[in-house]
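Here is what each chain is made of, one letter per residue.
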Amino acid sequence: MAVSIRQQLADELMFDLESEKRVLSSIMHSEEACIEAHNSLNAADFYSPKHATVFELTVALYAREIRPTYVEVLKEGHSLGLLKSTRDIEELKHIVEHYIDDENIKYWIKKVRDKARVRKFVEFLKNSMELLHNEADHDVEQLLMEAEEKLTNLTALEIDDHVDTPEDMANLGYDEVERRFLRFREIQEVYKGVIPLDGLTTGFDSLNRITLGYKPGDLIILGAQTGHGKTAFALHTAKAVAVDQGMNLLYLNTEMSRQQIALRWGSILSLIEHDRIRIGDINENELSIILNGYSRLRSSGFYSYPCPNLTPEKTISIARKFRTQKKIDLMIIDYIGRMEKHDPRLQEWQILEQIVKTQKMLAQNLKIAVMCLVQLNPDGTLQGAKRMKNECDLMLKLSPIPKEDLVEDEELKKYLNPNYYITIEKNRDGRSGVRIPIQFDLQKQSMKDAERIGR
Amino acid sequence: MPGEQEWKKLYDDTATVIMDLFMTGRIELEELNFLLNLLEAVIIKQQQRELIDLLKNWQPAAEHEEIDTIIKATLLAMDFKDQDDWEHNLALLRELISLGELS
Chain A
3 MAVSIRQQLA DELMFDLESE KRVLSSIMHS EEACIEAHNS LNAADFYSPK HATVFELTVA
63 LYAREIRPTY VEVLKEGHSL GLLKSTRDIE ELKHIVEHYI DDENIKYWIK KVRDKARVRK
123 FVEFLKNSME LLHNEADHDV EQLLMEAEEK LTNLTALEID DHVDTPEDMA NLGYDEVERR
183 FLRFREIQEV YKGVIPLDGL TTGFDSLNRI TLGYKPGDLI ILGAQTGHGK TAFALHTAKA
243 VAVDQGMNLL YLNTEMSRQQ IALRWGSILS LIEHDRIRIG DINENELSII LNGYSRLRSS
303 GFYSYPCPNL TPEKTISIAR KFRTQKKIDL MIIDYIGRME KHDPRLQEWQ ILEQIVKTQK
363 MLAQNLKIAV MCLVQLNPDG TLQGAKRMKN ECDLMLKLSP IPKEDLVEDE ELKKYLNPNY
423 YITIEKNRDG RSGVRIPIQF DLQKQSMKDA ERIGR
Chain B
176 MPGEQEWKKL YDDTATVIMD LFMTGRIELE ELNFLLNLLE AVIIKQQQRE LIDLLKNWQP
236 AAEHEEIDTI IKATLLAMDF KDQDDWEHNL ALLRELISLG ELS
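Chains A and B are the protein sequences, given in the same order. Residue numbers for the first sequence follow our numbering, so the first one is 3 and each next one is one higher. Residue numbers for the second sequence follow our numbering, so the first one is 176 and each next one is one higher.
Simulated from the structure, these hints should not be mistaken for lab results. Do not take every clue at face value.
[As the list claims (entries may be wrong)] Now the in silico label distances, taken between C-beta atoms and shown as ranges:
{"no.": "1", "chain 1": "B", "residue 1": "E205", "chain 2": "A", "residue 2": "D104", "range": "32 to 38 Å"}
{"no.": "2", "chain 1": "A", "residue 1": "T313", "chain 2": "B", "residue 2": "E205", "range": "41 to 47 Å"}
{"no.": "3", "chain 1": "A", "residue 1": "P51", "chain 2": "B", "residue 2": "A266", "range": "47 to 53 Å"}
[Claimed, not checked] Here are a few chain B residues that sit away from chain A, every Cβ distance over 10 Å (derived from the structure):
{"no.": "4", "residue": "I219"}
{"no.": "5", "residue": "L230"}
{"no.": "6", "residue": "W233"}
{"no.": "7", "residue": "I245"}
{"no.": "8", "residue": "L271"}
[Stated by the list, open to error] Derived, one-sided and incomplete: chain A residues facing chain B with beta-carbon distance under 7 Å:
{"no.": "9", "residue": "I68"}
{"no.": "10", "residue": "T71"}
{"no.": "11", "residue": "Y72"}
{"no.": "12", "residue": "V73"}
{"no.": "13", "residue": "I91"}
{"no.": "14", "residue": "Y101"}
For glycine and all other residues, C-beta sits at the position ideal for the given N, C-alpha and C.
Take the sequences, apply the hints, and build the full model.
Below you can see the structure in the form of structure tokens.
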């Protein structure tokens, strides 16, 4: 008896045939419900194989531009040999008689989908249990990481479809304009003309002015050639956001050890040459300055995750974890060219494109900014650049200023010792094609806007 | 006037009856298709009122069996998607049914 009650409870948890029938009935009675259900569900979401078959029939009909009414399903089912007896007809009629008010379709779809997700979750638990039983020597860390990835994949990249009505769009537009209007007045009255940021600081005043900062949902791509400051740019951003602004960020590094990253911070925070710190060639005063710098890091929002075998899936699970636990606002991936690639059939640029797409979805889902560092070819181009450009909101290039430019470019002469450009290749929210001269001190690992002479 | 649920039920019940008639061998495949298409046209697409009104006047009887056979053959051959063919057959049916009424 106890087993029977438990089984009944388990069944109630795993499926809801009533909801499945109501959704199918609605598909056959209302075209709007049909569109909604086809957009939100797939055959695997139905527990009953018969229900899954009826759903597939409706999908196949609609794909041929035939509205899947009960009559059309009867005709199609008969022509495919799926309806062989009056009993089959009765079963279909039993489904179709589960009428609902068409406007409630989303409610019933959600019930069907939720049960499907519960079944996937139970499957995940069963598989995990089997894995524990079958493998004698567990690498617990690896086991947990894999489990987390699988669990994340159950939920991570599901975006709720949302269609804006004309009213929604008008309200949103007015709210945005009003917000900007009020902010502009505030800028003039309170900030005396200095524009406050919409998102996180970029670490450069000139870049802040053009982009208004890195905003939630933004994907930022920074390209640079080997040895030309990718990690320095990442850590400069990290300093500006996590140390100076006090916001939380996650830094994923695929090629450097914990010690290497920690030592880089010594230079960045003390402005003492990295080579000297690395070999210990510093005096007591400098040691004290460095110690002081690390105390700022201690109270900052910088979370570091050195991960030589980083995969796109792992970035999802790690980002979700840190978003939930540490409320991160920015994730920096240094760099995506070194991520592990699983599909040997794909070309390098196709894999990079997939990674970038994943990161864009992640940024939107978690409402964080994601910065991906990519390696430029020796000629300064980027493999798959056009496709990457399509996906990202902001594409930046970091490159040394050519010597001839320093000699001939009159505009550059207005700056004090610029040696690098940040080029804005794409900016979804503002100007692009702009080159910002900066000073990059490779030894001190520091970057800053090039100062204008005579200001 | 029936409510929305009643219309749905009427449509479902009628479709089931038609399908049952076929499954139990009481109507042929072409009759099944005609009846289902007619049901779909009348209730879902809310078309073909003219045909329904015409059929209401059709009284099959032994004395004009030949005309009835032609009417039925015309009905079964009607293409619900071909407007020209439809109009042509509708005119033919109108003529045949009035012939039957006269005889």
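A quick look at each hint next to the structure:
Roughly 34 Å separates the CB atoms of B:E205 and A:D104, a value that falls within the hinted 32 to 38 Å. Hint check: A:T313 to B:E205, Cβ distance near 59 Å, so the stated range 41 to 47 Å is violated. Between A:P51 and B:A266 the beta carbon distance is about 49 Å. The supplied range of 47 to 53 Å therefore holds. At the 10 Å boundary, the C-beta of B:I219 falls inside the reach of chain A, the nearest C-beta of that chain being 5 Å off.
Here B:L230 stays apart from chain A, with its beta-carbon at least about 18 Å from theirs, past the 10 Å limit. A cut-off of 10 Å between C-beta atoms confirms that B:W233 is not in contact with chain A; the least separation is 23 Å. Residue-level check passed: B:I245 sits 26 Å from the nearest beta carbon of chain A, beyond 10 Å. For B:L271, the condition that its CB be more than 10 Å from all CB atoms of chain A holds, with the nearest at approximately 27 Å.
Interface restraint check for A:I68: the shortest CB-CB distance to chain B comes to about 10 Å, outside 7 Å, so the restraint is violated. A least Cβ separation of about 5 Å between A:T71 and chain B falls short of the 7 Å threshold, and the interface hint therefore holds. The beta carbon of A:Y72 comes within 5 Å of a beta carbon in chain B, closer than 7 Å, and the hint placing it at the interface holds. With its C-beta approaching chain B no nearer than about 5 Å, A:V73 sits inside the 7 Å limit, and its interface hint holds.
Taking 7 Å as the C-beta cut-off, the interface hint given for A:I91 holds, the closest approach to chain B being about 5 Å. With a least beta-carbon distance of about 6 Å to chain B, the hint placing A:Y101 at the interface is held under the 7 Å criterion.
Checked against the numbered hints above, the structure violates hints 2, 4 and 9; every other hint is satisfied.
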